[in-house]
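A.B. asks: Here is how the chains run, residue by residue.
Protein chains: 2
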Amino acid sequence: METLETIKTRRSVNYFESGKQIPVDKIKEIIGLANLAPSSFNLQPWEVVLVTDPERKKALRKCAFNQPKVEEASAMLIVIANPGAVEENVDRVLADWVKKGYMKEADVEKQRGTPFGLYGERASETRKIFAVKNAAFFAMNFMIAAKGMGYETHPMDGFNAAEVKREFGIPDDRIIPLLIAVGHLRPDQKLLPRAFRRDVDDFLRMNGYAKG
Amino acid sequence: METLETIKTRRSVNYFESGKQIPVDKIKEIIGLANLAPSSFNLQPWEVVLVTDPERKKALRKCAFNQPKVEEASAMLIVIANPGAVEENVDRVLADWVKKGYMKEADVEKQRGTPFGLYGERASETRKIFAVKNAAFFAMNFMIAAKGMGYETHPMDGFNAAEVKREFGIPDDRIIPLLIAVGHLRPDQKLLPRAFRRDVDDFLRMNGYAKG
Numbered sequence: 492m493e494t495l496e497t498i499k500t501r502r503s504v505n506y507f508e509s510g511k512q513i514p515v516d517k518i519k520e521i522i523g524l525a526n527l528a529p530s531s532f533n534l535q536p537w538e539v540v541l542v543t544d545p546e547r548k549k550a551l552r553k554c555a556f557n558q559p560k561v562e563e564a565s566a567m568l569i570v571i572a573n574p575g576a577v578e579e580n581v582d583r584v585l586a587d588w589v590k591k592g593y594m595k596e597a598d599v600e601k602q603r604g605t606p607f608g609l610y611g612e613r614a615s616e617t618r619k620i621f622a623v624k625n626a627a628f629f630a631m632n633f634m635i636a637a638k639g640m641g642y643e644t645h646p647m648d649g650f651n652a653a654e655v656k657r658e659f660g661i662p663d664d665r666i667i668p669l670l671i672a673v674g675h676l677r678p679d680q681k682l683l684p685r686a687f688r689r690d691v692d693d694f695l696r697m698n699g700y701a702k703g
Numbered sequence: 492m493e494t495l496e497t498i499k500t501r502r503s504v505n506y507f508e509s510g511k512q513i514p515v516d517k518i519k520e521i522i523g524l525a526n527l528a529p530s531s532f533n534l535q536p537w538e539v540v541l542v543t544d545p546e547r548k549k550a551l552r553k554c555a556f557n558q559p560k561v562e563e564a565s566a567m568l569i570v571i572a573n574p575g576a577v578e579e580n581v582d583r584v585l586a587d588w589v590k591k592g593y594m595k596e597a598d599v600e601k602q603r604g605t606p607f608g609l610y611g612e613r614a615s616e617t618r619k620i621f622a623v624k625n626a627a628f629f630a631m632n633f634m635i636a637a638k639g640m641g642y643e644t645h646p647m648d649g650f651n652a653a654e655v656k657r658e659f660g661i662p663d664d665r666i667i668p669l670l671i672a673v674g675h676l677r678p679d680q681k682l683l684p685r686a687f688r689r690d691v692d693d694f695l696r697m698n699g700y701a702k703g
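If you're matching them up, the sequences are chains A and B in order.
Take any residue in the first sequence, note its place counting from 1, add 491, and you have its number in my numbering.
Take any residue in the second sequence, note its place counting from 1, add 491, and you have its number in my numbering.
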């Protein structure tokens, strides 16, 4: 599908065709495309639990205020933000940049401190914001790639994060910015008109707030 | 451009063709497409300062560790996350949902508390995370829409947020998750090979961490 058409027709779908699956390899292909999202200092602080097993979907539904779409969707993604990605990935990022000509070996030592300066201490609020921002890039890229391949999605906030962590063995230091339901629109359902968006001029200021 | 092709070829470009402009109406069109991003409870907690004026770009460059691309790009977006969007937009969201058949008028009173429950008090960390997550959806959608229309982008973290706020009159309670440079690739520059991404199997777990 053409890019702008994909963006225009992507909707958050509430009614999925229950029992209609997407092959796991296809979902992994979408995740691979989503994984091309940019990230801060290329640190890629996202992880995913892909829930396809019917019993595990049932368990996830219980953590998500019993919303039917959790079981009806072909699969559920638990999108996870990892504040520890700085420590985990910084050396790999720098080595890759040197190898590919982005920077000189001699600058590695100096640059290594940059993400710690920009994104703060591991347990800090700035570090959480860093992780969530980039996981959200990944999530948006996923929703567009899925739509581009003919699937529907729904980003979900309605869940108890502590319960999801306990149920799926997700470490305590992670943040779960959202779940994503992915599947096929139920054939008997028509989409309601898209919910309102503000006019661009309502939130866009030219060259600064004062001049807006 | 085809959606998956757009996702595959979108890169963070460091060298923009200086002096080559994008008409402001065209940038607004991209922002309008980005604005179709989904958001938590449809609260749309994003704002944008669009910087096109050469003097203002120069001022922004000073807040961004003097990076040349701030002046070389056709335009800069200051992407802003507004934690106060819950209070500002909740009534408009609910009225729109009632009007379009998403919910009954009788449920408005009950539903009004939901986003306050999910996203916490106005000054809380959860509220900041809510705002940043959704502003990042908007930003990713913008980068894809821009690429789909033939433009290049670069999401930037290298700036001093306090200086940007002061220089552009941005209220203190806002968060600036990133700047985005948008423009045309400088013709004399070839892109280096894309920086590494982890294999999907390195960050994807099937049905839970324990079973991963």
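If you are wondering where the hints come from, they were derived from the structure by calculation, not from laboratory data.
Bear in mind the structure is a predicted one, so any value in this text is a computation, not a measurement.
Among the hints, a few may not be true.
Identical copies carry no separate label here, and so any pair may be met within one copy or between two of them.
To be verified - Derived DSS-like pairs: lysine-lysine, alpha-carbon spacing no greater than 25 angstroms straight-line:
| hint | residue 1 | residue 2 |
| --- | --- | --- |
| 1 | K601 | K553 |
| 2 | K595 | K681 |
| 3 | K549 | K656 |
| 4 | K656 | K601 |
| 5 | K656 | K548 |
| 6 | K591 | K499 |
| 7 | K517 | K499 |
| 8 | K681 | K590 |
| 9 | K601 | K499 |
| 10 | K499 | K549 |
| 11 | K681 | K591 |
| 12 | K499 | K548 |
| 13 | K595 | K511 |
| 14 | K499 | K590 |
| 15 | K681 | K519 |
| 16 | K656 | K591 |
| 17 | K499 | K656 |
| 18 | K553 | K656 |
| 19 | K591 | K517 |
A.B. asks: None of the hints should be skipped; say for each whether it holds.
C.D. replies: Hint check results:
1. K601 x K553: Close across copies (21 angstroms), not inside one copy (48 angstroms); limit 25 angstroms.
2. K595 x K681: between (56 angstroms within a copy, 18 angstroms between copies)
3. K549 x K656: Answer is within; shortest intra-copy Cα gap is 15 angstroms, inter-copy 46 angstroms.
4. K656 x K601: Neither: 37 angstroms inside a copy, 28 angstroms across copies.
5. K656 x K548: within (14 angstroms within a copy, 44 angstroms between copies)
6. K591 x K499: between (36 angstroms within a copy, 18 angstroms between copies)
7. K517 x K499: Both: 23 angstroms inside a chain and 16 angstroms across chains, each within 25 angstroms.
8. K681 x K590: Answer is between; shortest inter-copy Cα gap is 16 angstroms, intra-copy 51 angstroms.
9. K601 x K499: neither (44 angstroms within a copy, 31 angstroms between copies)
10. K499 x K549: Neither. Shortest intra-copy (32 angstroms) and inter-copy (34 angstroms) distances fail the 25 angstroms Cα cut-off.
11. K681 x K591: Only across copies: K681 and K591 sit 13 angstroms apart there, 49 angstroms inside one copy, limit 25 angstroms.
12. K499 x K548: Answer is neither: 30 angstroms inside a copy and 31 angstroms across each miss the 25 angstroms cutoff.
13. K595 x K511: Classified as neither; 51 angstroms inside a copy, 30 angstroms across copies.
14. K499 x K590: Between. Shortest inter-copy distance 21 angstroms satisfies the 25 angstroms Cα cut-off; intra-copy 39 angstroms does not.
15. K681 x K519: Classified as neither; 28 angstroms inside a copy, 30 angstroms across copies.
16. K656 x K591: neither (38 angstroms within a copy, 35 angstroms between copies)
17. K499 x K656: neither (34 angstroms within a copy, 32 angstroms between copies)
18. K553 x K656: within (13 angstroms within a copy, 43 angstroms between copies)
19. K591 x K517: neither (30 angstroms within a copy, 34 angstroms between copies)
Consistency with the previously given hints fails for numbers 4, 9, 10, 12, 13, 15, 16, 17, 19, ordered from lowest to highest.
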